[in-house]
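Please build the complex by placing chains A, X and Y with the ligands on the supplied structure of chain P, with the hints as guidance.
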Amino acid sequence: MKAVVTVMLKEGVLDPQGKAIGHALGVLGFTGVGEVRVGKRIELDLAETDPEAARKSAEDMGRSLLANLVIESFQVEIV
Amino acid sequence: MKAVVTVMLKEGVLDPQGKAIGHALGVLGFTGVGEVRVGKRIELDLAETDPEAARKSAEDMGRSLLANLVIESFQVEIV
Amino acid sequence: MKDVNQALAAEFGLSADEYQRVLDIMGRTPSFTELGVFSVMWSEHCSYKSSRVWLKTLPTKAPWVIHGPGENAGVVDIGDGLAAIFKMESHNHPSFIEPYQGAATGVGGILRDVFTMGARPIANLNALRFGDPKLARTKRIVDGVVRGVGGYGNCVGVPTVGGEVNFHPSYNGNPLVNAMTVGIADKTKIFLSAAAGIGNPVVYVGSKTGRDGIHGATMASTEFDADSESKRPTVQVGDPFVEKLLIEACLELMATDAIVAIQDMGAAGLTSSSVEMEGKGGVGIELVLDHVPQREPGMTAYEMMLSESQERMLMVLRPDREDVARAIFDKWDLDFAVIGHITDTGRIIVRHKGVLEADIPLDPLADQAPLYHRPTTETPAQAPLGSVPDPVGVMAALFTLIGCPDLCSRAWVYDQYDSTVGGQTVKRPGGADAAVVRIDGFRRAVALTTDVTPRYVQADPEMGGRQAVAEAFRNISAVGALPLAITDNMNFGNPTKPEIMGQFAAAVRGIASACLALDFPVVSGNVSLYNETEGRGILPTPAIGGLGVLEDAAHAVGLAASAGQSLVLIGDIAGHLGQSLWLREIAGREEGPPPPVDLAAERRHGDFVRSEILAGRVAACHDVADGGLLVAITEMLMGGRIGATLAAPPDTVPAHAWWFGEDQACYVLAVTDPSATLALASAHGVPGRLLGQTSGQDLKMADGATMSVAALIAEHERFFPEWMD
Amino acid sequence: MKAAIVVFPGINRERDMAIALQLATGHRPQMIWHKETVLEGIDLVVLPGGFSSGDYLRCGAMAAHSPIMPAIHEHARRGGHVLGVCNGFQILTEAGMLPGALLRNAGLRFLSMDCHLRVERADTDFAGHYQTGQVFRAPMAHGDGNYFAASDTLDRLEGEGLVAFRYASASGEITNAANRNGSQRNIAGIYSPNLRVLGLMPHPEDLVDPLMGGIDGKPLFDGLAAALAA
Ligand SMILES: Nc1ncnc2c1ncn2[C@@H]1O[C@H](COP(=O)(O)OP(=O)(O)O)[C@@H](O)[C@H]1O
Ligand SMILES: [Mg+2]
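Protein chains in written order, with the working numbering: chain P, 4 to 82; chain A, 4 to 82; chain X, 5 to 729; chain Y, 1086 to 1315.
Derived from the structure by calculation, the hints contain no laboratory data.
Be careful, since some hints might not be right.
With beta-carbon atoms standing in for the labels, derived distance ranges [stated by the list, open to error]:
#1 P:37 x X:190: 15 to 25 Å
#2 A:34 x X:295: 25 to 35 Å
#3 Y:1121 x X:684: 52 to 62 Å
#4 Y:1235 x X:726: 29 to 39 Å
#5 A:72 x X:357: 43 to 53 Å
Bear in mind the structure is a predicted one, so any value in this text is a computation, not a measurement.
Each residue gets a CB set at the ideal place from its N, CA and C atoms; glycine is no exception.
Okay, chain P solo, but in the shape it has when bound:
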């Protein structure tokens, strides 16, 4: 079973990386690019075969390690 944990900065938290990418895209001539936000995509191969159990476990991982809940939030998807 594969779980994908997506970690993004919370709304309102400065994203210096996104800002710099937005600027660079402008320099490259891409127009009409508004806000850019950068986050992480973490793909986990899990031995668990029950989707609900896998989701619960990935959510635990998100809370305890993968996301820094002070500034980030995360979502889990089972694929």
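Frame of chain P; chains A, X and Y with the ligands shown alone:
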């Protein structure tokens, strides 16, 4: 229109960050975690309103800046 | 928006008395934004209301001091037409909440204090104190803080050249992150913050304003409790890339004559920067917040005035130079906006969307700021220690001490900090008692150190305060530099507790006496109070950042000994074990008075050692500090990967007390002609003694005990990597 | 030798590089802002170390698209010399001027310490003042110096003699312990096929003065000055 560009390391490129996360999850007591891969999720607000044009433009951005095709591959999703 | 009343004022951290004072000054109920302005300006962090009466007693003058406390940073004349500008600042509370960003933005903030005065930053230091290493939380905080310090400092390209790392359970819920920056400027081109010129534009540059860190200044002024989790949205994120651009853009602008006054936006952001600039200049200001570059939609006046978004500066420009300035900030892709102008009203007036959001008279906001003579109680004197038997023997104790968390190698930490960028780092971390950084284009160098031994301060705050300054003096002297001035960072607990305020007052007395005796004035500093968790205070930690100067960087010596040298002790070892690391790590006791500091001896010994170094007669030098004489010697041997044979201690002092007592005013010198050094010392009335000779691979004691230096090194380097990686 | 240092926003070792070049050539190199588009009368173009664009996204990714880059490509195509150090090396790989990529250090920590480099060939304009097999010391200071390339690329680099320096022990052994950032085959620096473009991670420019701990890095600049004299 929002485009999401997902950038992952290619198969065969060592992912020390993924390895470290896998190790840390083990230390935390999570069992049954196999391979862990870490990539980037880049969310772009685009002024473009046509989904196909937005996709094309995001793909251009992926090729020219967002991914380094020597080590990474990317996918575009329009949401 | 909430009604403004006493309950809201209390939520904002204002006492009933303080709120009454606001009502008296305003003659009406303040607006929400006005209340916000008062609350941050009168917070402990911005107003120094508990500490001001004591800080005033510190010596701040010397012929070489150009600007003492009161400016963004202290400024001293270091010769050759150069000024060194430096300061230390804490980011303790933010670093507990989010270690990486807390530490990173701490570094960013202190850099701005220094380059806002016209200096190019040339060195960073960081004094770190963490809880018990056995706790998982401590590990996480150490990891985040070290990454944060490095992440920011490395990116801005300022070498991180020194600092301290200590552990004690009293910091379990309240780590200390004190960051120091040193910059160099032409001494005739120092930029100050006093605004002037009625009608002059007030200009905002740097990053956009978001909702970051609103009420950070008041957060730094309260204790942590179980609720602090809920205060979390105030975390600020640093952008060192923008800081780097801001440094370059500001320095470029400073080479023109455009700037009338400049001030970084630190704690309490736009509020404190504008209030301070106008207050110092005795003028008024009118701001139109609609022009403030904003990162998020829908921000209110209150939010913009209190935001602590990072990497922003406020300037007053000559009106005819606005275009010159704008072109420079455009070049560096930084926001530039005229957000107001200087007035003659003596008031701060804030408008937003056509509404008058604040109209406050500046004088009373400053003059009538609360000032507390808080009650103090003296720390009771520690009972004398009496004699303590040696349970393990000297070599075994050395092996334990050299590997313990407080004495082991800090390489794991400083190997993550770029210490060489700039190409001027003469003595890197670990290489000498003080870092030595040359000034680009000159022979001259500055010597930098941070010091304090909190367990001494806890046991005897006055002696501990004195010792911290004396150790900084010693570390600077030990590289051959002349100590010039200090910055201090006073980290203490809750000032409303008389015993805490008593620690504070006594530590200030100790610092002041040492500054006077050593001609080593305080030119800048910072106070961090309420460092407590659930009612338990930290060890009182008045960190001292010292700066000295070498006319020629080539004169600097490090601490590594090499083969064929004699080791000479300068100073007297009485074998003082009270509060020593030996007592704690080997005998398991944290007791007794700290070692007494004889300031006249510090001066005499330091001056002698420095003159010997400058005369070229010293190959290496190290002061005796934590761990005592044998630890100091061992550090010199490990540094040079060389062994030594040591003479027996005198009969008058037990061997373990001789080798591990933490007596003050002592140095170990590696020399080739020990008799010349000893003769000169005696001619100067300075005690000296031959300790032994370097040679071979082993440390050999007179009683035959032997240990290979390689084994000592392995033990010394073991702790951090094993713990962290 | 006329040298120019390209100043990208966020780089921070341009002054260190200028000091080293001035020592070797006797004059200050020219500083070129990244928004310029022409390079004229320049023998050596240097891309210095630092954090161009904050090292955000990938190190060097954004600088590789700077307005100055076409002129640098053109300079190299004409056989001009290019030196990229640290961030400069990353920019060269991102711009496709050198093969491979620099990944995050294997230990995921920034590494700031001296390392030892073994000179793989001395018959180039950059390494002429070293001997083949010589070991020299240089400070390194990077978070992303882990050299990666596909194995056929690595084989080609080795086959064509384009590996410039490898991380080594003080006595010249190519060991894992010496390879702290995890680079493939201990590679610390590589050349372009014409040997005129060099990228390397460590900082020889920070070891050109005995006061800073040695002059191990100086031969690189002296060698360049000699090779490109006149
Ligand atoms: N947080 C830090 N950042 C950079 N360097 C540090 C840090 N902590 C310690 N160091 C360096 O490690 C060396 C040893 O530190 P320490 O044992 O505190 O020295 P000392 O006893 O001479 O004051 C010194 O060179 C010091 O500057
Ligand atoms: Mg010391």
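A quick look at each hint next to the structure:
no. : hint                       : result
1   : P:37 x X:190: 15 to 25 Å   : violated (44 Å)
2   : A:34 x X:295: 25 to 35 Å   : violated (57 Å)
3   : Y:1121 x X:684: 52 to 62 Å : holds (60 Å)
4   : Y:1235 x X:726: 29 to 39 Å : holds (36 Å)
5   : A:72 x X:357: 43 to 53 Å   : holds (48 Å)
Hint compliance for this structure: hints 1, 2 are broken, all remaining hints hold.
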